[in-house]
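A.B. asks: Sequence:
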Amino acid sequence: MFALGFFLLAGLLCQSLGQYDYYDEYYVPYAPMEAVSSPNCAQECDCPLNFPTAMYCNDRNLKFIPIVPSGIKYLYVQNNLIEEIKTGVFDNATDLRWLVLDNNNITSSKIQAGTFDKLIKLEKLLFSNNKLTKPPSPLSKSLDELKLNGNQLSSFPANTLSGMENLTTVHLSENKLTTESITGAFKGLKSLVLLDVSENKLKKLPSGVPPSLLMLYADKNDIDSIPSGYLAKLPVLQYLRVSHNKLVDSGIPAGVFNVSSLLELDLSFNKLKSIPEINESLEHLYLQVNEINKFDLTNICKFSSPVNYSRLRTLRLDGNNVTHRSMPDDTANCLRQASEIIFD
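Count the sequence shown with mature numbering (1 follows the signal peptide of the UniProt record, and there is no 0) and you get residues -18 to -1, 1 to 326, in order.
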């Protein structure tokens, strides 16, 4: 199990460093090719003798979820043709920790009431790339990760995540969520560190986000402004991504990004005409493909000295109306730690 945890953690970190790539799929191990399966296993699946608490039912063209026997902790049912979840399928699976349902055809109306009620130890529910219009409910209070990417969510009731004190990561990208539909959805989540609401229909950053948040991804929405003091309410936020939105200078209050916790800020593919004011502690700033026409060094460094300078390592300005010639004379002093400054 150490190896599984390591790969999951590595995947999360890879999404959080530098100019990033998204790793949409988890590292999910496949069952070893063994002729013999554990006797405590559904006949449609495999439960390897060296890992008898895992049941592998993935990639088998299944149209239903087999009855899960007692003692199973890790259930892999991804990449099938499943359309519904029937009552009773998990009645004996009271020890279930991971439930992987990605890449099926499950609709919200075909999840029978009470389906998840007995999964009191469930930690990870991976339910991406199905046909859900609302999140399954009620969910186990023991969850630490909920992944609902690539569904058709347009509704997310405010009480869906109520009482989930262990929940650390919520993935809701590639849905149809609006600002109003997620109002109050994240209130009271004391352990939340990653929230991904990319590729939805948000016009504002989500409200009521807990102060524990480290990573907020809101790329590819319709966001045109950042509320004044928004980041001041998130004292440990390190990664903020708002690329491919509709941000303009008038929607960026003075100093809204000037917070010392932030390490990475992605404002690329927007409509900004100037470099926003940032804190000297920021390490990665992505501003490519905006309408920036002036290199305003004072928004990066108030002043430069042997002890006052920017910690920026990466600055991207390609796809704007500035060139190397736009940099003021004192740029080298201010950006002395920068290893990558890109203009074209």
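Quick caveat, the hints were computed from the structure, so don't treat them as lab data. Just so you know, these numbers come straight off a predicted model, no measurement behind them. Quick reminder that beta carbons are idealized off the backbone N, C-alpha and C, glycines included. Hints may contain errors.
Said to hold, decoys possible - Between beta-carbon pairs, the in silico distance windows are:
1. Pro209 to Asn87: 34 to 42 Å
2. Lys172 to Thr280: 33 to 41 Å
3. Pro21 to Asn87: 24 to 32 Å
To be verified - Taking lysine to aspartate or glutamate and the EDC-like style, the derived pairs with C-alpha atoms no more than 20 Å apart in a straight line are:
4. Lys253 to Asp201
5. Lys255 to Glu181
6. Lys158 to Glu147
7. Lys172 to Glu147
8. Lys92 to Glu162
9. Lys68 to Glu26
10. Lys186 to Glu156
11. Lys202 to Asp231
12. Lys106 to Glu147
13. Lys45 to Glu26
14. Lys228 to Glu162
15. Lys123 to Glu147
16. Lys103 to Glu65
17. Lys276 to Asp201
18. Lys253 to Asp311
19. Lys202 to Glu147
20. Lys228 to Glu265
21. Lys116 to Glu127
22. Lys185 to Glu147
23. Lys92 to Asp77
24. Lys113 to Glu147
25. Lys228 to Glu262
A.B. asks: Against each hint, give a clear statement of whether it holds in the structure.
C.D. replies: Hints versus structure:
1. Remark: the range hint 34 to 42 Å for Pro209 to Asn87 is upheld by a beta-carbon distance near 39 Å.
2. Checked against the hint of 33 to 41 Å, the pair Lys172 and Thr280 passes, with Cβ atoms roughly 39 Å apart.
3. In this structure the supplied range 24 to 32 Å holds for Pro21 paired with Asn87, their Cβ-Cβ distance being about 31 Å.
4. At roughly 14 Å between alpha-carbon atoms, Lys253 and Asp201 fall within 20 Å of each other, so this suggested pair holds.
5. Restraint check for Lys255 and Glu181: the C-alpha separation of about 24 Å exceeds 20 Å, so the hint is violated.
6. As the CA atoms of Lys158 and Glu147 are separated by approximately 26 Å, the hinted pair breaks the 20 Å bound.
7. For the given pair, Lys172 sits about 6 Å from Glu147 by alpha-carbon distance, which is consistent with the 20 Å threshold.
8. This hinted pair does not check out: Lys92 and Glu162 have alpha carbons roughly 26 Å apart, beyond 20 Å.
9. For the given pair, Lys68 sits about 17 Å from Glu26 by alpha-carbon distance, which is consistent with the 20 Å threshold.
10. Using a Cα cut-off of 20 Å, the hinted pair Lys186 and Glu156 holds, with the two alpha carbons roughly 16 Å apart.
11. The hinted pair formed by Lys202 and Asp231 meets the criterion: a straight-line CA distance of about 18 Å does not exceed 20 Å.
12. A threshold of 20 Å between alpha carbons decides the hint, and for Lys106 with Glu147 the separation of about 14 Å falls inside it, so the pair holds.
13. For the hint linking Lys45 to Glu26, the alpha-carbon distance of about 11 Å falls within 20 Å, and the restraint holds.
14. Distance check on the hinted pair: Lys228 and Glu162 sit about 18 Å apart at the alpha-carbon level, within 20 Å; holds.
15. Of the pairs offered as hints, the one joining Lys123 and Glu147 holds, with about 7 Å between alpha carbons and a cut-off of 20 Å not exceeded.
16. Restraint check for Lys103 and Glu65: not satisfied, since their Cα atoms lie roughly 25 Å apart, outside the 20 Å limit.
17. Restraint check for Lys276 and Asp201: the C-alpha separation of about 25 Å exceeds 20 Å, so the hint is violated.
18. Between Lys253 and Asp311 the CA atoms are separated by roughly 27 Å; this puts the pair beyond 20 Å, and the hint is violated.
19. Of the supplied pair hints, the one linking Lys202 and Glu147 is violated, its CA atoms being roughly 29 Å apart against a limit of 20 Å.
20. As the CA atoms of Lys228 and Glu265 are separated by approximately 24 Å, the hinted pair breaks the 20 Å bound.
21. Pair hint Lys116 plus Glu127 holds up; C-alpha atoms about 17 Å apart against a cutoff of 20 Å.
22. Between Lys185 and Glu147, the direct Cα distance comes to roughly 28 Å. Violation of the 20 Å bound is thereby established for this hinted pair.
23. The hinted pair formed by Lys92 and Asp77 fails the criterion: a straight-line CA distance of about 24 Å is larger than 20 Å.
24. Proposed proximity of Lys113 and Glu147 is contradicted: the alpha carbons are some 27 Å apart, above 20 Å.
25. Distance check on the hinted pair: Lys228 and Glu262 sit about 25 Å apart at the alpha-carbon level, beyond 20 Å; violated.
The structure fails to meet hints 5, 6, 8, 16, 17, 18, 19, 20, 22, 23, 24 and 25 from the earlier list, while all remaining hints are met.
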